[in-house]
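Participant: Build the complex from these two chains, which are given one at a time in their own frames, with help from the hints.
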Amino acid sequence: MMRRAWGTAAVLVAVVVSSSGVLKGETGQLSVFPEKVVLFGQGARQHVLVTLKDSRGSAQDVTTRSRLVIDDTAVAQAEGTGLVRALAPGTTRLNISYGGIATGLDVEVRPGESSRQLSFVKDIVPIFTKFGCAGSNCHGSVRGKAGFKLSLFGYEPDLDYDAILNAGDGRRVNLGDPETSLILKKPTSQVPHGGGKRFENGSLPYNAILEWLRSGAKYDSAGSPRLASLSVFPEERWIIGLQQTQQLVAMGRYTDASLEDMTDKVQFTSNDESVVEVTRGGLVKAIAPGETTIMVRSLGQAVAARIFIVTSAAGVDYPTVPANNYIDRYIFEKLRRTNVVPSEIASDQHFLRRIYLDVLGILPSADEAATFLSSSDPDKRAKLIEALLSRPERADAWATYFADLFRLGFNKSRDKGAKIFYDWIRKSVIEDKPYDRMVSELLVSQGNLFYEPTANFYFVSRKLDPGDVATHVSQAFLGVRIECARCHNHPWEKYTQDDFYGLAAFFKRLDTKFVHAGSESNVYLKDEGEVIHPKTKKPVEPKYLDGGHEREQAGQDIRQNFARWLTSAENPFFARTMANRIWRRYLDRGIVEPADDFRVTNPPSNAGLLDALSRDFVKHGFSIKSLERTILNSRAYQLSSLPNDSNRHDTVNYSRYYLRRMSAEQLMDAIVQVTGVEERFTGWAPGTRAMQIPHGAPTYLLTAFGRVADREFAQERKEDPSITQILHLMNGDMLNNKIQAREGTLAKLLRTPLIDNSHLADQVFLMTLARYPTQVEKETVIKSATGTSGTARDHVFQDLMWVLVNSKEFLYNH
Amino acid sequence: MIDRRAFLKIGSLSVFGSLAWSDVLTLRARAATVAPKDISIIHILLSGGISHIDTFDMKPDARAEFRGIFKPISTNVPGIQVCEHLPMTARVADKYTIIRSMTHKNSVHEKASYLVLSGHEPIATVHHPSLGAVIAKELGARNELPAYISIPGMTGLWEGSGVIPAKFAPFETGDPNNPKFSVRDISLPMNVDWARMNGRNSLLSLVDSEFRRYDASGIFETVDSFQKTAHDLVASPLTKKAFAIQDEPEKVRERYGRTSLGQGALLARRLVQNGVRFVTVSNGYYKWDHHAKVFENLADKYLPELDRAFSALIEDLDQRGMLATTLVVMTGEFGRTPEVNVNAGRDHWPNVFSLVLAGAGVPGGHVWGESDKEGAQVKDKPVEVADLIATIYQKVGIDYQKEYVSNIGRPFKLADGKPLPFLS
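Sequence lines, in order, name chains A and B. At position 703 of the first sequence the residue is numbered 703 (the numbering used here), and the sequence of numbers has no breaks. At position 367 of the second sequence the residue is numbered 1367 (the numbering used here), and the sequence of numbers has no breaks.
Read the hints as simulated data drawn from the structure, not as lab findings. Ideal placement from N, C-alpha and C gives every residue a C-beta, glycine not left out. Keep in mind that the hints are not guaranteed to be accurate.
[Claimed, not checked] Here are some chain A residues pointing at chain B (derived, C-beta under 7 angstroms):
no. : residue
1   : E35
2   : T73
3   : I385
4   : N522
5   : Y524
6   : K526
7   : D597
8   : N644
9   : Q715
10  : I723
11  : N806
12  : E809
[Claimed, not checked] In silico negatives: residues of chain A with every beta carbon more than 12 angstroms from chain B:
no. : residue
13  : Y401
14  : P643
15  : F705
16  : R711
With the rest of the complex left out, here is chain B (with noise of 0.2 angstroms):
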């Protein structure tokens, strides 16, 4: 389909067809409280979905058969505890904010993450943009870096661009823990150097200069601004430095930890460190599904990793200065059964599961909302997906009640909800 005026246009400004002037006055002052703050996010995705009662709302009183078999210990700040294998993360728990009370109604992956990642239950007559994806088009690169980068690369679509064009999906890196890591198509190919390059970028030129005459619509024209783009992109020196994992000093990745989600969240912290607006970091797709062996597969090896990972990351913010204006969200698309399976696992549970912020003016050590005695249902203080995402909007300064419409015409705003008065 080629580029042209495809959408429903339903007036001007409004459905309307003009705006008011108490509306021009209604649009000011909304815009006057959410004046560009330079914020970075990272956020990190515990696909799969993270047991909440195994890590960060333990229920030592709850019956054997739902309290596992992990104990609680307790964290640099009175009053609040985490999982005995969090020792490192408990450590600057002065740093983040727990929500206990994150609640929705969704336990299939594919539509919590969906919810999770973009504030919308998924509909037929809309595919939402994820939360980087509009970050990435309403805020722009800062500079020849991409605005989102995903590392690895995206669990799945939810994560993507939905209705807005693909120029605004994340670059994804590959898994920066593999020792050979280098992310691909940024530097020339094997045997090309620059002046083959620019021989070839010459050649093409050419070739194209007669086929222009066939556009119409100024398609070529967009695509040439992308490959002036990716040709900057191939051809900074910023480029190579901000993917350069590999000039890290070896303490720092090992206190990171030599693994994906370790080695990500190191990237991201260099990414953000270099400009990238959204950086978004997992270990995988699914990987934290663990409908059986929770407690092993946990113990083993995810909640070292995470440990490891997590505070190393809130502690290199808050050393480089970097935290007031790097928001960190670390979330799963749901919780855990409160039951232990017969599998020794737990299963789906939406209804209420644990969410952790740090950054970017959010309150360090503190705990908001609570479950009740089984971590099942909320006791207090419920948080909706999309109120969170509200939330986000604002910090970085985007208005969460704009609206875009989708390739059929249907209106939606970026966020349904409204962003939380205690984390702002």
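Here chain A stands alone, though its shape is the one from the complex (with noise of 0.2 angstroms):
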């Protein structure tokens, strides 16, 4: 979520900003966080931020340069960093000046615990998540480290109280010597320590473990607090000027509703330190032009703070980029701000076949290229995205997609399966079937594989268990990688084995069972069924994610509950994750990627987008076609993928159209398409795209540029070159045999009486590229062509379709 800062700040005097972004002279107003400090018992601490705002909205942390005093200092003390210390009781107020602008905030101490005791939770555990002690790699891991284990980024306070204290016949701690215990000599290397030296001898967690075995190493009292949630501030930044700097602050609220200051005890991680670097302390350094994310986290909890770096902010030679829906407003205002400017529209030609593959997965014929080229209707894009919305070969590309999101095929004894599914998944695309009725269908399907085309979508392994049926679901329905807390908690994200299995338990009753030769199966429903918690070895009632619990009545399938809980308008994954995978199916990255990856800790890049899109899609009783149009038809999507020197290093903000491969079966049916030899794939009748095949990869291209020939595990296409590919296109029989084929497109042009080799040239490009051939390009050809006849001219225009079908232009949508 973007603030609006600029729209309500007030503004006190005008503003003179310099080149490199920082304000000087007068300024414009101050705010500060907290709004009111109140600290508990001597010793408590609070950072204060102190922010200042511009006309513009641009907020900039000025902490460390304003003047802070307290009027009664024996209450409380202030530092330059802007931490307030509390020495005694009383309420006195914090003076805050910067650049001639004063403000202030009301500081109180209150009375804590005569002897502070320091709490294990509150005090002790963080401090093996904020120095890397229970990290996933080393004491959190799901062995431990050495023989000593901690509950990954502290979730399990009790566990680690057991560990520290009683295991290992309480060797790693001496109450009566407390300096010697191995929980302090340890960390500070004064033993020989595998993760080497984590804080040193003296420092603040040091003392602070230190004392609370002085005080007789306690567990905190039953009932005492817990940390209840954990939050960041400033949860957005904008930095502008590589010289910035800014601190986060970290606040804990606790069972007993108290807040404390955490940033010492958190730790402050990076997602990308080529954009962003963040110091233990929780001060963030910009580093290069970008966007990132600064995940906080302790106690088994994680926030994240969203921090984008821009040199200069937009001046008034930013141009005024037209929108053509509400796609643009979001797209170009993101721009404007990290002062980016988009790329030019596409040319019609790319334009023209970009759309095709992106739509059809086909390439344009050369009467349709040149057709759509010489028209000069101011709307042909528009009709031309009408008219491919409405072809049959949309929903052959659709339905491979969602061959590979349902993995269709499973086990491929289950060929027949994945035919009656494809078959079901395509017609349901052809009706523009909406996608909640889709998705209700398939959650309370069964029946017979061979049969049921919907029965299928559960049949993700071989036995049917619960949780890999919840990681499936999860996945593909809710965005969220539940699967990683199946064997501990989440590490960045609050979801634990109870959310896991609890999604399980949606699906208790699930299995499957042979009924004929051939592995014929029947997917149904048991009689009864349970999910048992591995920690708890107790059966799980089923729980909405994010939600409370369902108990399944007599006589009832539950999954009919989880079906309408999931596509009910309001569930805050469904219409979100859907109108993601839409969004990055044409604009090739999503919103929040990956697709099935939404947590706090990585956020949209363009909150405002996604919500916008996700209204939209619900708005249109979940229409896929009408997300599509709406998508198509916005100036974002058409842009061109030629970058200008602003945008050259943007990768998440759509300044232009990503180059992206074509995939292993547009690309077969392309060179099918235009060498006008078919491919003839195994067990397909003659005709077949390899777009419309459900299942397997029935020809070696389709393996080599990374069809998944068994779709035994869940995963993403890779796009990535291999030299088996390039040898492939290079030397492959298949393309050049279809390329030289008597029968084939190519020679028939070549038999065309009268036909003159220019006239060939622009076919060749035509039929390869939607376009015609460059000058240069042209005149290389004409030269070679020139005085040839029969084999020979044969060679060059063989040639040159060879070097097209090579060429990066033919391979790399653009």
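Facilitator: Okay, structure coming up:
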């Protein structure tokens, strides 16, 4: 969510902005966080942040450049870093001034416990997260390390207490002589430690552990407060100028409603250190323009701060970019904010080839290309989009997309099931069946895999393990990688094993059985089933993600309840996940990326756009075609792929069309299309395109270019190049034979009476690249062809066709 | 998707954002023990799961319905016996180690194969790269030939690259026993000679040059470098030589056996000789999965072929002085049930199975571990697959504890086990 700060901030005086974006001279408005400081007990601390907002809403952390003065220095003390420390009970005021503007906040110090005991949960456990001890590659791993096991990122303090105090015959602590305790000597490297020195002797964490040991190493009493939620301020910050820094403040709210500054306790991690670095104390430093997330983590909770780095704000010379619809408004507003100028609109020839490939998975024919390019109808693009959305090839392309998502044909002996499932999907797409209805039908399915298309949806593991089904449903429809929580609580998200097994419990009665030879099976509901929690060893009740429990009544199929919950317009996951997928299919990158990895610590790159797309999707009855139409008609989708100096490094904000390699099926079908020689796929009728094959990879090119023959494991297609691919196009008999074939398109063209070389060259370019040759290209070809006849002339044009099919312009959709 | 810094980067070198000096020292110390050695690997995958009781772990004293109908024979190492249908293999027992106590819990082909080739159980959050792919990535190719080759081709995705780039997936050769064997796509196509190919490449440069401006991510440069590698592969005499199995003397081809497995083993030797780091050989996907008529299949065809191929390979490597620098691993993805089923076959059995290792410092004439009297459970010294994989990485000089990250940021170590001391 983007703060529209400039709309609401009151500007006190005019602003002068230097070229580096730093505010000089008369300044804007100061705001402080928190608005009021309340501290409990002597020694309690609170980081204060002073933010300067200018007339355009740019915010800057000026804490360390402000003058901070406490009225009553007996009550509290303020440091230049913004840290306020409690000295004695009372109230006072912290006066803040920067560049002629003044503000302030109240400071109240309340009495704490007379001797403030260190809390194991609040003070000690976070140390092990912050200093890396409880990370997944050390003591927090599933098996611990060197015999010492801590809970991953501190989500189970009671286990941690046991591990420290009791495990290994209590050898880790020495209450009689605390400084000799291993729990102190190891992380300070006073004895050999595989993890090295994590903090210094005498440092804050060292002293905290020591003090805790000295006071008896007690566990918090039953009912003592636990961390209820973690928050970070600011949640989002645009930093203008690479020399700027921003301090983050982490606040913890405990189960007793108390608030505590946890900045010194949490672990801060930058998701992309090439853009932003963050210190152990939460100071963010800009490295390069871009955007990323800072993960803030402690006691099993994680939140995120989104940081955007811009070298300088967009000035008066930033162009006004027209908008075709709401999508453009969100995209271009974000680009303006990052001071990145979008590319121009794509040329007709690029748009033409792109839209055919993206919507239909095929190339335009030479005639279709020529017609479109020569038309002067100002609405020709919108009309073409409409025409393509109604073509049957669109259904094949979507069916192949869903085949990957739903893992059609899992366990290859189910080819028959894959075929009828594919046909059902295809039919649903042609009817533009509302997606909520489509998914509901899948969720309540059962029956014979060979005769009941939708039953195949559940067949993603041999024994229909409910955990495997939960993983599948979560990834496909919730956009959440819940499987991390199968074995341990999620490292970066709030999901726990309770959530995983609670979701699995919706599918506890599902099972499969052979009914006939040849792998014919039924997916059916047993009379009873249960899912056992691996820790509690008790059966788990079905539980909605981020929601409550649901108990299955007798005679009821609880999957129906699940389907209703999932596909409701209010469900926070369903519409967003699919809207993000549809977006990603055309723009090549999800607003949340990866598309099945929605989490607090992986926020959308444009939250406003994602929300708008979801609302649009719901509003139009979950019609996929309607959302496609809106996306394709946006200017953002139709931008050229040619980068300009401003947007060359953008990879997340859609400043241009991102190049993408043709998929394996698109490539296979394109080769057939341009050569006019079909590829016979074993077991399929002549004329079948690769995009129409539900399952398997019945030809070498398909596997070489990334189609997965057997969807045994859920995985993304790979688009990266390999020697095998290049060799196949370069030397492969398949391509060369098709190009040279007597019955092929090229041979027929060459045999056309009176056809001249110029026209021939045009045709070959139009067929492959949907454009006419440039002057240089045409001249080169003509030069080779002039004076040749018969076989020699044939060779010239065969070579041309080979060249164009091997060109990057052919292979990379632009 | 365009090539970009898409991986979740959690800190530069470690989750903690910096390396303590003691961390540096630890890494240095570990590096010293994994100094690169120039070992190549031939991995013979008996896909489908070879029966251990009928081959390398005979149980002549078990009940009739368990021990099967084969008899054990002595090998050239006192105290070690193998199946009567492996006579040639018996004569080179002084060159290999048999592990009789391999064990895991996966009785499904795909999961077991995945485990045996990567050392990891398949989980939803990571698709692990196979041994060969990791070796290709960590050590790279020695020359124009690919680092990782699969003969005749992958038996499944478990031989592939998983989450690491596709370029580390194996190069596939096709079946070298085919009389018309020629590796696909590495020779110029019909009717196209080098003159014509050069002309094509020249025009291709022209067409590509205009379009180059459209690439912001550098992917075109990557493709160019692949094209250069591909070109070198095709143009290099080494390529033709390495794959030219027809250049082998007739009697050598006969000695290995005119079978897919035999010619595959021979081609593997040739490829390793010419610098390839990792070669898998199989005679096809799930061919050893003898749920029915196991004795007939093994006696009539499978064991004679295996016997000939494996013994030939060992002798050949030995005579050429290649055994010290070539690790030979031979295994199925699991063993087979100790009790013969109603179809005179055996079914899947991961609880205990056998694996054979030779070369690269592996002790010869050795048996490690023991199964119980009917070959059903491990009796002594169980060996986890993860430990075997760690051993193999260590042998070729790769840090088996090195961490990769999956595409959703889930870290994993190359091997979750530890090297087996008796194999080092």
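Participant: Taking the hints in turn, state whether each one holds.
Facilitator: Each hint, compared with the structure:
1. E35: violated (32 angstroms)
2. T73: It is violated, given that the least Cβ distance between T73 (chain A) and chain B is near 36 angstroms, above 7 angstroms.
3. I385: At 22 angstroms from the nearest chain B Cβ, I385 (chain A) fails the 7 angstroms test, so the hint is violated.
4. N522: Not OK, violated: N522 (chain A) not within 7 angstroms of chain B, min 20 angstroms.
5. Y524: violated (21 angstroms)
6. K526: With a minimum Cβ separation of about 21 angstroms from chain B (threshold 7 angstroms), the hint on K526 (chain A) is violated.
7. D597: holds (5 angstroms)
8. N644: Result: violated, 10 angstroms to nearest chain B Cβ.
9. Q715: Holds. Min distance 5 angstroms.
10. I723: holds (5 angstroms)
11. N806: holds (6 angstroms)
12. E809: holds (4 angstroms)
13. Y401: It holds; Y401 (chain A) is separated from chain B by about 15 angstroms at its closest Cβ, greater than 12 angstroms.
14. P643: Answer for P643 (chain A): violated, closest chain B Cβ roughly 4 angstroms.
15. F705: violated (9 angstroms)
16. R711: violated (10 angstroms)
Of the hints listed earlier, those the structure fails to meet are numbers 1, 2, 3, 4, 5, 6, 8, 14, 15, 16, in rising order.
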